[in-house]
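Novice: Sequence:
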Amino acid sequence: MGTDVVVVPGEVCVKTGVRTREFVVLRGSTTPPWVNVLIIVTIVGWLWASAMAARRYRVEVPFLHRHWDRWRSIRRAALLLGLVGVILACWTSVAGVPHSAAFLGLTVGGVVLGVGNSLVNTVGVTQRGDLLLLTRVHPDAVAAVRAGLRPAHRVSHPDVEAGSA
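The numbering of the sequence shown is UniProt numbering, which starts it at 1 and goes up by one.
Read the hints as simulated data drawn from the structure, not as lab findings. Please note: incorrect hints may appear among the correct ones.
[Stated by the list, open to error] Pair ranges (Cβ atoms, derived):
#1 Val18 - Ser118: 17 to 25 Å
#2 Pro139 - Arg21: 18 to 26 Å
#3 Thr135 - Val18: 15 to 23 Å
#4 Val18 - Thr42: 42 to 50 Å
#5 Ser100 - Arg66: 35 to 43 Å
For glycine and all other residues, C-beta sits at the position ideal for the given N, C-alpha and C.
With the hints as constraints, model all of the structure from the sequences given.
Specialist: Dropping the structure here:
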């Protein structure tokens, strides 16, 4: 299975709408929305359909590095918080500490922090038919991308050379 490579035109940060010449490469895979409905019916069917319908992508987008770095550092903190919660819950339950499962609250906190961080600090990539779509993009970045995709407007008539009168 090949990887779709896309370069987003424009010099406006996709998250903040600020002009930038900094770019970030988003890598991952996405599945069509209908695949997610299968999780209600069967986990095995969902896993199989996800594996079969997955589409790998590599998207280069204008993104301020300081905002990208903030997203990555909060993501690391969320992963660490979730892992510490699981480790402490296991350790205290083996040691016989009462209410040791309360440490799983740290794991829930890590999941909430991670999901909130992704929603606020980065963009998403989703699939609709054959299209890859960026989600949670700043309106100014959308306008810049649309301007970059517009065909050049002809200034003169095609039969008239520039500079001739």
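Novice: All hints, please: hold or fail.
Specialist: Hints, verified against the model:
1. For the pair Val18 and Ser118, the supplied restraint of 17 to 25 Å holds, since their beta-carbon distance comes to about 20 Å.
2. Between Pro139 and Arg21 the beta carbon distance is about 20 Å. The supplied range of 18 to 26 Å therefore holds.
3. A hinted range of 15 to 23 Å holds for the C-beta pair Thr135 and Val18, which are about 19 Å apart.
4. Between Val18 and Thr42 the Cβ separation comes to about 45 Å, which falls inside the hinted range of 42 to 50 Å.
5. In this structure the supplied range 35 to 43 Å holds for Ser100 paired with Arg66, their Cβ-Cβ distance being about 40 Å.
Against the hints set out earlier in the document, no violation occurs for any number.
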